[in-house]
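Here are the chains, one letter per residue:
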Amino acid sequence: MSDDISEHPDRPRRGQVLFAALFLICATLLIAALGEQTKWLKGKEFFAQPRFWPAIGVGGMVLFSALHFWHLPRKPRRLPRWMREADWFQWAESLFWGVLAVGLALWLGPLAAAPMVLLVVTVRVTWLYQHWTDRREAKVWASVFEWAAWFLGYVLLVPIIGYLPVTIAFTLMLTWRVGYRDRIMMLSAVLFAITVVVVFKSFLQVKIPGAALYEYLPSALRSFFILNF
Amino acid sequence: MDLIIDFLTQVQASSGVLARWDVVLALLVGSVGGVLIGAIPGVGPAVAIAILLPATFSMDPIVGLTVLLGIYGSSMYGGSIPAILINTPGTAVNALTTYDGYPMTTRGEARRALSLAYSSSFFGGLFSVMCLIFFAPVLAKVAPMFGSREIFLAALLGIILVVTAHRKHTLIAAAMACFGIWLNTIGLHPASYSKRYTFDQSWLSGGVNLIVVVLGLFALSQAFTLLHGDDEKVRLTRLKGSFFQGFRELARHPRIAGVSASFGVIMGMIPGVGEFTAQFMSYTYAQKSSKRPEDFGHGSSEGLIAAETANNAVPAAAMVPLLALGIPGEALTAMMLSVFYVHNVIPGPQLFQNDMDFVVALYLALLVLNVLVVIFLLVATNQLIKVVKIPNRFLGVCILILSFVGVYSLRNSLTDCILATGFGIFGFIMKRMQLPVVPIVLGMVLGGIMEVKLRSAMARVKSPLDFVDRPIAAILFGMIVLVLALHFRRVWLDFKERKTDEWQTSHASTSFAAILSRRRNFILTERGKKVRGRRKTFSRRLTDRD
Numbered sequence: 001m002s003d004d005i006s007e008h009p010d011r012p013r014r015g016q017v018l019f020a021a022l023f024l025i026c027a028t029l030l031i032a033a034l035g036e037q038t039k040w041l042k043g044k045e046f047f048a049q050p051r052f053w054p055a056i057g058v059g060g061m062v063l064f065s066a067l068h069f070w071h072l073p074r075k076p077r078r079l080p081r082w083m084r085e086a087d088w089f090q091w092a093e094s095l096f097w098g099v100l101a102v103g104l105a106l107w108l109g110p111l112a113a114a115p116m117v118l119l120v121v122t123v124r125v126t127w128l129y130q131h132w133t134d135r136r137e138a139k140v141w142a143s144v145f146e147w148a149a150w151f152l153g154y155v156l157l158v159p160i161i162g163y164l165p166v167t168i169a170f171t172l173m174l175t176w177r178v179g180y181r182d183r184i185m186m187l188s189a190v191l192f193a194i195t196v197v198v199v200f201k202s203f204l205q206v207k208i209p210g211a212a213l214y215e216y217l218p219s220a221l222r223s224f225f226i227l228n229f
Numbered sequence: 001m002d003l004i005i006d007f008l009t010q011v012q013a014s015s016g017v018l019a020r021w022d023v024v025l026a027l028l029v030g031s032v033g034g035v036l037i038g039a040i041p042g043v044g045p046a047v048a049i050a051i052l053l054p055a056t057f058s059m060d061p062i063v064g065l066t067v068l069l070g071i072y073g074s075s076m077y078g079g080s081i082p083a084i085l086i087n088t089p090g091t092a093v094n095a096l097t098t099y100d101g102y103p104m105t106t107r108g109e110a111r112r113a114l115s116l117a118y119s120s121s122f123f124g125g126l127f128s129v130m131c132l133i134f135f136a137p138v139l140a141k142v143a144p145m146f147g148s149r150e151i152f153l154a155a156l157l158g159i160i161l162v163v164t165a166h167r168k169h170t171l172i173a174a175a176m177a178c179f180g181i182w183l184n185t186i187g188l189h190p191a192s193y194s195k196r197y198t199f200d201q202s203w204l205s206g207g208v209n210l211i212v213v214v215l216g217l218f219a220l221s222q223a224f225t226l227l228h229g230d231d232e233k234v235r236l237t238r239l240k241g242s243f244f245q246g247f248r249e250l251a252r253h254p255r256i257a258g259v260s261a262s263f264g265v266i267m268g269m270i271p272g273v274g275e276f277t278a279q280f281m282s283y284t285y286a287q288k289s290s291k292r293p294e295d296f297g298h299g300s301s302e303g304l305i306a307a308e309t310a311n312n313a314v315p316a317a318a319m320v321p322l323l324a325l326g327i328p329g330e331a332l333t334a335m336m337l338s339v340f341y342v343h344n345v346i347p348g349p350q351l352f353q354n355d356m357d358f359v360v361a362l363y364l365a366l367l368v369l370n371v372l373v374v375i376f377l378l379v380a381t382n383q384l385i386k387v388v389k390i391p392n393r394f395l396g397v398c399i400l401i402l403s404f405v406g407v408y409s410l411r412n413s414l415t416d417c418i419l420a421t422g423f424g425i426f427g428f429i430m431k432r433m434q435l436p437v438v439p440i441v442l443g444m445v446l447g448g449i450m451e452v453k454l455r456s457a458m459a460r461v462k463s464p465l466d467f468v469d470r471p472i473a474a475i476l477f478g479m480i481v482l483v484l485a486l487h488f489r490r491v492w493l494d495f496k497e498r499k500t501d502e503w504q505t506s507h508a509s510t511s512f513a514a515i516l517s518r519r520r521n522f523i524l525t526e527r528g529k530k531v532r533g534r535r536k537t538f539s540r541r542l543t544d545r546d
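Going down the list, the protein sequences come from chains A and B.
Residues 1 to 229 in UniProt numbering are what the first sequence lists, from first letter to last.
Residues 1 to 546 in UniProt numbering are what the second sequence lists, from first letter to last.
Worth flagging that the hints you see were computed from the coordinates, not collected in a lab.
Hints are all accurate, no fakes.
Cross-link-like lysine to aspartate or glutamate pairs, in silico, EDC-like; alpha carbons within 16 Å at most:
1. K386/B x E232/B
2. K168/B x D494/B
3. K39/A x D200/B
4. K529/B x D87/A
5. K141/B x D355/B
6. K195/B x E36/A
7. K389/B x D230/B
8. K530/B x E85/A
9. K389/B x D231/B
10. K462/B x E45/A
11. K75/A x D134/A
12. K529/B x E85/A
13. K389/B x E232/B
14. K530/B x D87/A
Quick partial rundown of chain A residues pointing at chain B, CB under 10 Å, derived from the structure:
15. P12
16. F19
17. K44
18. F52
19. W70
20. W150
21. L152
22. R177
23. V206
Glycine included, every Cβ here is placed at the ideal spot set by N, Cα and C.
Working from the sequences, and respecting the hints, build out all of it.
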């Protein structure tokens, strides 16, 4: 598959620590919610319990992502000079984490506190090992939200304005947005949009509802448009 | 002998299905569409199948599956075109084709390379379908021996193989497989009707749909990747002459073609292994047994034959675990499984007993498909190669538009679209990190199978040993133990090798001047400062007053 990485052992380092940490944090939050979100039914067999498979899933997520995080090639970041030299800061920090972990264990009980402690440790380790390349990578990840917003805008407008008009407009605007200005590309975009609508909606009759705006069309055209475009 | 005669009667009966106009149309659309999709770098069969999946739900199962199988089986033919001409594999499995195909193009032998690729692919495809057609009666006898516990163990073996196949990245692959297993548990527990990870949200109580995840992870993420990237400048050379010479050249290497196709068939049948391993093994075999091993990677025809034959022998073989046991071995067959479920056709041992016509019709469809694709390629390659020129970002726009059809037509639900977008962003990040997404899909599918089968298997098991007291269960259990043992052995060897390398590279001169110089560097450099910083952390700093 395209994502088979066994062929490319030298994957990029940027963002790996951040991704592994975020995944581990999410997995830890999920395992913390295991007791609340699943039930253990009395008198039911162990393997048939509703909690069994979610526990395997989130347990595996936490275990393997923690090991992956641990095994990542990483380099400690260079802390500010005052932090490196101030003894009191390092003492205070160690004390703070210790008190937090013990406090959580006493407050929630050791079992419930374990995910919280893991969470805290992950955040702390991530802070120590992330670099400017990770932050730059995070910006790239954030940039993809623009395309996601385009897609969701398209999804929202189709049931209101109609599949054909929105598809044509959206393809044209997006083609313009990604940087094409020439007439051939614009024409190809319109042609592509019409083809998609005709093939999927008119020919294959996939389930896409007729738009609210089509109701205002003259009655002769209305049902034709609702059915085909 | 009786088996074969029975089977030939079956073939005769099933060939009637292929004469239906809608099946013929599906074959044409699948083969031509698959080649086109394969030839465009950046699309690939996974994206196409994910998008088309909901559209096939309204079709007859055999028609829908023929379209999807067509795309699966023929995309690798198309994928070899850009791999050979512009050194960019059209689909990921054509990556090995670039090793020998592109150097041939640079030597001015593009036509020879293409025709060799077509003929090897054709041989691989045909060989695997023929194997399976003759193997089907045996399979029909063996498949009913698979009860709940055997299917559970086979699914477990599949998931372990998928994870261990990601060499050096097994940990994250395992985490992703567990993520898939967890995703599949969201919603109502079918046996007890208790909610699992719904967070009291009504839209989660129905669970997370596999197709939404697949569309997000494969189609939307690919659209985002293409939209984010840049266009590449492509220069194509015009090809002249016929493409038939490849068949003659292939006939001169029957051993390599035969062994590679066999590797493809065997690896295809084992869930979770697939094209890469088959290609790797056959390429290594071809290189080791060649009279000119030094040519491999520099335009060797034998290398090209090994790579292309092996990858095209896989699709038909990959249908074996899917049809006989209901266990998909990789992402594409996992997607096809949902077509079966929508039509209430449950793949598994019963399918072979009750619906043999259907199975044989599928195999025959694959056979015809290979012939159609080769005819199409022999005639239309010169026109076809123009699709390579479609700019990447425009392709991104197209995939985004098509993804909408896939997600929205499923249930007309905005929530599905938002969820798919979320998975699209996740897939985009995974692609940038070069991390595997396939284990998520297989975790979802195989996790669901394992949950159901383990529950029903445990009802009849008194002690743990009862679980493996049947011969097939014992064999599968033995295979699981073997795979895990081999994996841990390899991890241990890798670790030792890495340590040896570290020791070898850190050798130091023992001359007095070098020692002094190292000492000075140590004291002056960052490391010295850091070590001193660490040592002083817990001890009070000495001052003049002490």
